[in-house]
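Let the sequences and hints guide you as you build the complete structure.
Sequence order for the protein chains is A and B.
Number 135 in numbering that gives the first Met the number 0 belongs to position 136 of the first sequence; there are no gaps in the numbering.
Number 145 in numbering that gives the first Met the number 0 belongs to position 146 of the second sequence; there are no gaps in the numbering.
All the pointers check out, no bait thrown in.
When the alpha-carbon atoms are kept at most 20 Å apart in a straight line, the in silico EDC-like pairs for lysine to aspartate or glutamate are as follows:
1. B:143 - A:187
2. B:53 - B:81
3. A:286 - B:232
4. A:317 - B:229
Rather than coming from a laboratory, the hints here were simulated on the basis of the structure.
Chain residues, written in single-letter form:
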Amino acid sequence: MVLLFAEYSDGHFKKAVLEAATYASDLAKSLGTTCAAVSVGAVSDEALKTLSHYGVSKVYKIVDAKLDSFTNTAYAAATAAVAIQTNAKAIIFAQTYNGRAVAPRVAIKIDASAYSGVIQLPDTTNGFASLRSAFSGKGIEAIQAGKEKVVITIKTNSYHITANPVDCTLENFAFSPASTSFEAVAKEIVKASEGISLTEAELVVSAGRGMKGPENWGMIEELASLIGAATACSKPTADMGWRPHHEHVGQTGIQIAPNLYIAIGISGAIQHLAGVSSSKTIVVINKDAEAPFFKIADYGIVGDLFEVVPKIIAAIKKIKGKS
Amino acid sequence: MKILVCISHVPDTTTKIVFNQDGKSLNASGVTFIINPYDEFGLVRAIEFQEQGKAEQVTVICVGGAEVEPTLRKALAIGANDAVRINANPTDALFVAGQIAAYAKGKGFDIIFAGKESIDYNGGMVPGMIAEMLELPFVSFATKMELAGRGAVLRREVDGGEEVIESTLPVVVSCQKGMSEWRIPNMRGIMASRTKPLLVVEPISVATGVQTSGYAYPSAKGSCVYFSTEESENLVNALHNKGLI
Ligand SMILES: Cc1cc2nc3c(=O)[nH]c(=O)nc-3n(C[C@H](O)[C@H](O)[C@H](O)COP(=O)(O)OP(=O)(O)OC[C@H]3O[C@@H](n4cnc5c(N)ncnc54)[C@H](O)[C@@H]3O)c2cc1C
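As structure tokens, this is what we get:
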């Protein structure tokens with residue numbers, strides 16, 4: 000049996016979770032077994048049933064008022080309890096903030112091999128042989144699990160969501176968290192912004208020091224909102240306070256892999272690329288033809304961003320106007 | 000209060016990653032190694048607690064061979080009091096976490112800091128494993144930490160915002176940007192670091208969880224398609240035709 004950690008947040012299953020669900024059910028198929036999910040906390044049956052579209056044939060529900068807000072301790076204990084009772088061979092997590100906090104604990108509890116950044120289905124002819132992303136996207140590591148069970152987190156945007164409808168049953172699973180599970184608890188959530196969250200965004204418009212100053216970001220925001228993209232920035236622009244810190248992408252900021260990354264006035268320093276080089280399509284706008292970013296770009300314009308961006312905005316408006 | 004800071008010894012952020020011909024290991028020749036930047040956020044925060052008179056001792060720990068000692072000395076130069084090197088090759092997360100948990104057990108550390116991940120293997124498993132092995136609370140992706148009464152108030156990054164977390168001590172904290180500002184060691188710190196204690200401890204036996212069987216490079220990108228400023232509209236059309244916008 001393959002078990003999915005069905006993380007539910009902000010009223011839905013995030014794209015990363017659906018990718019993990021597809022991965023889990025494809026893995027189950029290749030192992031000749033079924034795919035189940037564990038859901039911790041209050042989630043409607045209706046929402047849980049939607050997992051059946053992605054090959055999940057059973058959902059173990061753990062509902063307890065104490066589990067309504069996330070703690071890695073309690074959620075890991077709950078997940079491990081299901082994993083042990085169902086004798087799951089592989090526990091699959093989306094590589095989200097919460098998934099990454101729970102996975103290592105589960106691995107210790109059930110004595111599993113644990114690894115993150117997984118980009119492909121494993122070769123299971125002889126145990127688990129997997130490929131994972133390493134060196135901030137600059138390398139791929141092939142690994143062999145040493146234990147019988149594995150706990151893995153799937154790199155976001157590296158596994159395609161595919162429909163695989165199956166019948167699905169829901170079952171209540173009896174579990175009550177230990178009192179020691181609540182030593183670190185969230186008291187409040189502070190929303191960063193109303194915009195699209197960077198880690199989830201399919202499209203990202205990002206800008207750097209070439210913008211000259213924060214007052215020029217209006218056109219970046221306009222471009223982003225026209226195509227429904229999230230906005231991001233390079234480290235120095237966040238450090239100088241031109242942009243909020245949560246927009247900083249790169250090795251020391253957020254790592255993202257959207258379908259489209261548009262880099263405007265960003266040189267493409269190696270530390271910046273480390274956070275964005277896994278993007279599927281990269282567009283670079285820079286006045287310096289030698290800017291290193293062009294080396295990994297799919298499309299480029301060598302030109303002054305203050306001329307180029309307005310032209311792009313006008314062209315997009317034209318397309319949007321037609322459709 | 001005693002603080003333990005886990006330090007990973009990683010290639011400098013500007014390193015061009017090259018694997019040895021057999022594809023089995025990283026080619027370390029000419030590579031400069033540094034303190035993992037995420038670990039350094041925790042290290043500096045620990046030193047700040049010490050400067051505020053809230054912590055008496057900041058110990059740094061690294062699992063690695065003698066080659067990691069300059070990295071530990073740099074942590075001492077930044078301000079840690081003493082260093083521990085577990086004398087073993089850091090084969091995988093389970094092994095490293097097992098060594099650090101075994102060392103920390105029973106020594107009364109109130110905070111164990113680590114980075115959210117190391118910038119080489121990007122694993123991010125070690126801190127949560129240490130917490131589980133020591134049965135401690137764990138706050139991951141922490142961007143702020145203040146001590147309050149006998150516990151701590153932290154901020155933790157989540158999708159689209161931050162959680163404010165209250166935790167008891169001891170606690171394991173994995174750090175990211177926001178926790179503190181990196182520091183460059185000054186001359187006095189560098190001089191002092193040479194005589195600060197660096198203890199070498201032999202490893203305990205821990206089964207490894209995963210083995211690396213080899214490395215490869217990600218598939219190279221095709222070449223870039225260029226448009227002139229005047230052709231900006233063509234770029235938009237190309238993206239539109241690919242279904243991207
Ligand atoms: C340990 C470490 C970690 C780091 N982590 C990160 C990280 O996570 N993320 C990150 O981004 N950086 C990081 N950096 C910093 C990184 O090295 C670069 O300094 C930074 O990415 C540069 O930002 P930038 O491209 O916005 O600015 P610059 O390098 O100054 O580039 C600006 C670009 O804009 C172009 N430009 C200027 N005017 C125009 C115009 N009118 N039209 C078009 N183009 C124009 C220029 O040609 C230039 O290429 C890190 C550095 C270190 C040492």
